[in-house]
Amino acid sequence: MSTTRTIRFTLNGRAVAADVAAGETIVDMLTLRFDLKGARESCGQGLCGCCTVTVDGMAVSGCLSMAWFLDGTSVETIEGIGTGGALDPVQEAFIEAGAFQCGFCTPGFIMMVRQLLDAHPDPDDEEVRHYLTGNLCRCSAYPEILTAVKLAAAKRKKLAA
Amino acid sequence: MTATTPAPSIGRSLPRLEARDKVTGRVEYVHHLRLPGMLYGKIFRSNVPHARIKSIDTAAAAALPGVYQVVTIEDIRKVIPHPYYGPAFHDQPILADGKVRFAGEPVAVVLAFDRKIAEDAVALITAEYEELPGIFDEIEAMTSDVLVHDELKPASTFPDLQHLKGRKGTNIALDYQLRRGDTEAGFAKADHVFEHTFCSQQVMHIPMEPFVSVADYQDGHLTLHTASQGPSFVRIEIARLLGLPENRVRVKVPFLGGGFGGKLYIKLEALVTALSMVAQRPVKISLTMEEQFYMVTRHPCHFTIKSGLTKEGKLIARHCEVIWNGGAYADIGPRVTQKAGFTSAGPYDIENVSINSYAVYTNRPPCGALRGFGAPQTAWAYESHTDMIAEAMGIDKVEFRRMNMLREGRPQASGTPLRDAEIERSLDHILDRMNWSLPFDRGSGTIKRGRGIAIGFKGITAPTTSVAIVNLFADGSCALYIGTVDMGQGSDTVMAQIAGEVLNLDAASIKVIHPDTDVTPYDMGTLGSRSTFHMGNAVKLAAQDAMGKIADLARELGLPEGANLPLADMLRKKYGMQAGNIIGTGSFIPDYEKPDTTTGLTKKGTPFWGVGAAGAEVEIDIETGAIKVTKLVNVADVGTAINPKAVQQQLSGAAIMQLGFTMTENMVFRDGQLTNGSLADYKIPTLLDIPREFINEHVPNAYDKDGPFGAKGAGESTTIALSPAIGNAVADALGVRIHDLPITPESIFRALQAAKGTPLEDCA
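In order, the protein sequences belong to chains A and B.
Under our numbering, the residue at position 58 of the first sequence is numbered 58, and the numbers go up by one with no gaps.
Under our numbering, the residue at position 328 of the second sequence is numbered 328, and the numbers go up by one with no gaps.
Everything labelled a hint here was simulated from the structure, so no lab data went into it.
Hints may be right or wrong, so weigh each one.
[Unchecked claim] Listed below are the simulated EDC-like cross-link pairs for lysine to aspartate or glutamate, each with C-alpha atoms no more than 20 Å apart in a straight line:
id : chain 1 : residue 1 : chain 2 : residue 2
1  : A       : LYS150    : B       : GLU693
2  : A       : LYS37     : B       : ASP21
3  : A       : LYS150    : B       : ASP689
4  : B       : LYS116    : A       : GLU24
5  : B       : LYS628    : A       : ASP125
6  : B       : LYS645    : A       : GLU96
7  : A       : LYS37     : B       : GLU28
8  : A       : LYS37     : B       : GLU18
9  : B       : LYS628    : A       : GLU127
[To be verified] Reference listing, derived: stretches of chain B covered by chain A, where coverage requires no fewer than 3 residues with Cβ under 8 Å from a Cβ of chain A:
id : segment
10 : 23-29
11 : 203-211
[As the list claims (entries may be wrong)] Here are some chain A residues the structure puts well away from chain B; computed CB gaps all over 12 Å:
id : residue
12 : ARG5
13 : THR6
14 : ASP56
15 : PHE69
16 : LYS157
17 : LYS158
Glycine residues also receive a C-beta, built at the ideal position from the N, C-alpha and C atoms.
One chain only, chain B, in its complex shape (with noise of 0.2 Å):
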């Protein structure tokens, strides 16, 4: 403790505590990692979507000088007796077990002391297959006699996946329902029913520091060093893997080079672990660009949505038939398809809403987490169908919105209610920001303007468990052990902040020590906006008892109340030298119910809402279909801005992450083979595509009771209602609707022929 306070810590643009490691490049990451006597894994991947594997002939690249042995699964097995893994279900094989079912899955790896004699050797690696005929499309998936997997495996540790054990002959790794009201007869008595189906595309996370992993394995103990959102999961899959006790399985995380969802669960990390196993060394796999496009991708979801309206434009029934193409190995795929499931219907209050939402197996690269959750791929059907209702009705669509918007205590379709969720005051800020209500400059000649606007939520994974200890030395100074991973969106800075402003310390000053699993105590993941708000909470609980036991001291020694006098005094007082520590810990898990089985309706189903509005404006030639979008509004209720400067950063950031999953990214497949996966192929925005005119800001003066300091997530929101916004102001500028994403000239292009009757062959 000082003896002058410090400026309050919350609400403060505090700079990154690692800004000066970060632009010198000094900052830690595994990318860099060597231990001594490593070797490194170089992957030998399937040319085949989907196949039986005849025979893997290794003797080529083995017998390459410098190759120290080449692995395929049955030195796996010889190690771990069952090498399938996976965060939802346990269908994963750690490399290819007999069959492969995607093109660019795992079938070997050549170790080797030498990066480069690795990769040379894997080229000497060959494989025959005996094809099986391959699914890809997730509606045909439904019903199609081609399975991807023999037999469903859901993990024990989700006891509602359970019913789904053993299941055969189908694609279908989920079924999710929601039942509220009578659906039907709310279409029946309907004056207006409108059905509409949007499509999303597969896209991928890119983070520039690719997928890598460190295994060290020595008699009976593990140590993972692994760019990995999630540690405290690395260690309980790990060690369920290998049946060690959690305390022999060490992982450790320094700083991620991006993250953005893919970089959660288990990755590369049972893969290098085993081979540390078999290899008795150190071994390190470090990702290319290209290859991280096998790893996880987003979900592409085919959604198709239908309301019933009364003739003054009320909603009063909604159903929703979403499907999400999973790929070959489930990862969390099942995950996203109930929570996006859950708020698919929208932000909207209607009485009878059903959804069925379903997670498939395709023969494609496995789907997982991606900024958002799902969330805005649903948004992307349901805020276009937004519109087209309001335009088939003739209703305006600011005023159709706030018809039927969701508002404070209203129950969403879970019957969870909505709390501290700033919808109305999100989309009056978008509208405000969009000079809405002023003329508006529509193009001319060849030249259309249009303008949209879009709003969004999702809820949070729940129920999920933080927790935090903060130490303080026997100097006063303090660190914060916490096991949320600092990926670039400012963590360390924002819970060193939390701690400060309860211990009343400079947080500039506190030190976060980073993901040890051995030190840092468990968290359930860096992922879908939960840090700030369930980490925030531990860490502040964990401040409030160090300050109880500084109290206890105080009395212990006999100080008259409000003495004040610095921690480091008192220890010294105690132990008659500088010794000693203060140890507050905190854990936090939120209030929650659990779905009814049934219905899945729950009145706690979230622990707070994740708001998010967007506006655009775009610009188009019709000759060619050539489109820009010259204005883009984000807004986001974040509650209480801990760092007003981190959430703005992430606000945009997200928001131009999802202006290219809008505008140029997608990952085409030929026969099931991807044709762009590389950065030259594939397009992720750039400084110039950035919209002129570009406000990213937050709701003012929002609060969430539940949340530290009336805090909650911001990594996602941006990302939830921009895509539709755009969509909208296509719409708005050609009186043509683009249904599926990516919106690119060429689909601008093509729905204008169509409109026109004269519409454009398709490329096979």
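One chain only, chain A, in its complex shape (with noise of 0.2 Å):
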């Protein structure tokens, strides 16, 4: 039997707890123990952002990162965002800029287009496109995704205002 620990952790805004095996990604542990299928597995490598969650803010590669560290931090994952059955903007961006066809690499580039839009609130199409290169969308939704990114960051400003 391999190792396992108890690590405690804020996931999308509740305290948990999980025992974790040594080996065991944060995908993984998302889907079998918390019953959360927005982050995927797809590459498998880090390259195609499927798997995108944030720790403490910071968006990882859910299908690289050990569940083991995540020890007091806390994680988000799309399931966590928008308020009370509301959808967040960037959601309703994706649908009104119809950004997605298949809906697999959805959840990933939601929560980098979230991140990009916390760092920089009127992006450009050179930032978007740079920010988002480690986005994988087969079915190429990709200039809908851009249209959406414009249309999100019109949304966040006038909820700000």
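With the hints as a guide, bring both chains together as one complex.
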């Protein structure tokens, strides 16, 4: 049997605990122990962004990062964004712009766009392209994703005003 | 039925029905499915491309604590005595059977309750091989003594392949021929003859949800949960393998995380079924991204095209020699060979055409359908060739195309007339968006700029059937039961719009029941741009059938004409309570005429024509070969756009995918071993690769008379002409022609050096 460790952390705003194995990735932990399916392993090499979650506000590849080290952190996943049943402005913008097809990469993109807008509230095209280049969409909804980012930035500004 | 009439559904950019579930991450994929008592299977693969298996040592793996069982073909044979499958040929063993035919072929499977233990155990398996010479190149394979299969085994489901049964001593799985007029006489009469060869490389679909299937076999009943584009086909083929009636095989498909043709026919389904039978437990296999490269790929294609012309520039004869590298197992390759062979002379009006198209076995990973079914590979050749001829003859490239273009009503090479196919309007649209008549900046210094255009078309797999059921519940709400798989193309939404239009219901209120072969009726498959046309027609017929039954009910209840009583009230009147249903059914198969067995000619070879055109501007640094596609325009004839936003996404998405196949994607082999099978080394497009000017549009006011509300498929059309438009732009910029895809800085630099008379050495 592999070694396990009890970790305590905040998951989408709630205090939780889990007994995790040494080699267990964040994606496996979220899927198998918390039944959260938004972060998904696709390339398994941290190259596609489908497994993006944030740990203490920083985006990480959930397929490469070990659950073991989450003790004491605050983790946010796609399931934790939006408030009281309402969608997050980025989610709304993705729907309005039609910024996805199969939807498999979408949660990763949305988590990354939130990071992008936190750092650059009013990004230009080049900033968006560079910031999101680590997220892959094989359906290639890229033009619509560019539109969605602009739309989300405007929505956020309106909310802040 | 609601009292107020909803807005018309057709032509409305309704957001996807499942949009909310997709942005919240809650949408259902097989990827996440877990069943009680389920085992995870992990595949042990061959590390040699062609060999006899001397022995497989599974003892150490089986002894690892936590391993449930290690399975080889010997175990599978006990539950499935003849364990060979495939859509066109029954040539693929469920696990390697005495021989391996490509590096990466499944040889054994470890089953364990824990996925990680299964992975660890696979590393403990060893196999001894007696290596055989391998054959990897399609041209060599045509005449080689090295045989991938001893004998051809066509599936009995395709009557037109039966002449190949039992054929021995060849790697040619299929030789398709088309003969129109007298090509030799045409060449003899021609004032000019041109011949060129073009090659396309092996590429892969890369769905972000890797291949995944779960089988649950119990007491003669099987349930498969699978990320498949063809649940009806899976049921029929698995029922055949198991000798079960269709009603004992249930295939369920939720949403797919991408498909692109990869998840068609039968992939992991036979293997998980056999494993579940052996282990008597549910079994799941999820491939990794790296393993996907060994499942199915797109055919490399070697195409030699020869044309004869009058001195005025009229095409009078064309011969196409098209050779498809199908890899180790045929998959649907023979159909690609026929369907793409059929249109390989291009959208031109040529009196004398001969086409030979060959599916060839090699010791590479299998090749099958991938967005375009071979049409992009053939267009790469015929549209590069078109520009080369025009240039050599000093004719304007647009005028040359217009002079020879196939027009409405004229017979295409097969004899099937062109109908409702907006080839010229697609070209005009491209020219307009490219500002073709305006002066063009050709760059300066070491930066050269060029622009190019191309047109293309494709026939659609025929004849195929779709069946749909519309169910109106006692309160008048509606569900649609269809076998079409929504893999991202938006079929749920489009089918709801078609049903809503007929039923006068808000499309967004209609529930689409996902494929479950115990519940949803037959559909040939979600493939080849066929769903909007075929299933769309079936859904329309089913909805009309339901409307007819509602009218019958009104008469039965003695309601006056035009009473327009809501259905809920009518049913309450009939049954005395909220009860009952109205069920409408629809079944669609297009008109079709079988091609003549010797000439390949037919008056009705395709239910509709897919049409695409493209224009590109490129910027090239001649010191390094670095290339940027600065502008890309794609236009398609989709008939009526049922959901313009969804159409736009298909045109743009298909174009970007083909942009990857044109500029970066290439499965590189060395001695039959794939050297770049991961996203680290095989580069697909990212946001940075999208051209700064990127326009994707459909031809306005196009209409297909046989399509539902005038619609036809939209998923592949922009893949067809894109590569040659870029190739033509490169030639325009440099005066140097690239013949082989992909077009990389290295291939450009090599071509430039070769043109200067100082070619670079080949890297072995």
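Taking the hints in turn, this is what the structure says about them:
1. A:LYS150 with B:GLU693: holds (17 Å)
2. A:LYS37 with B:ASP21: Roughly 11 Å separates the two Cα atoms, so the pair holds.
3. A:LYS150 with B:ASP689: holds (19 Å)
4. B:LYS116 with A:GLU24: holds (9 Å)
5. B:LYS628 with A:ASP125: holds (17 Å)
6. B:LYS645 with A:GLU96: holds (11 Å)
7. A:LYS37 with B:GLU28: Since the Cα atoms of A:LYS37 and B:GLU28 sit roughly 9 Å apart, the hinted pair holds (cutoff 20 Å).
8. A:LYS37 with B:GLU18: holds (16 Å)
9. B:LYS628 with A:GLU127: It holds: about 19 Å lies between the C-alpha atoms, which stays within 20 Å.
10. 23-29: holds (count 6)
11. 203-211: holds (count 6)
12. ARG5: Holds: least Cβ distance 16 Å, greater than 12 Å.
13. THR6: holds (20 Å)
14. ASP56: holds (21 Å)
15. PHE69: A:PHE69 clear of chain B: closest Cβ-Cβ about 18 Å, beyond 12 Å.
16. LYS157: The assertion about A:LYS157 holds, with a minimum of 20 Å to chain B.
17. LYS158: Consistent with the label, A:LYS158 stays out of reach of chain B, its closest Cβ about 19 Å off (over 12 Å).
In summary, the structure agrees with every hint in the numbered list given earlier.
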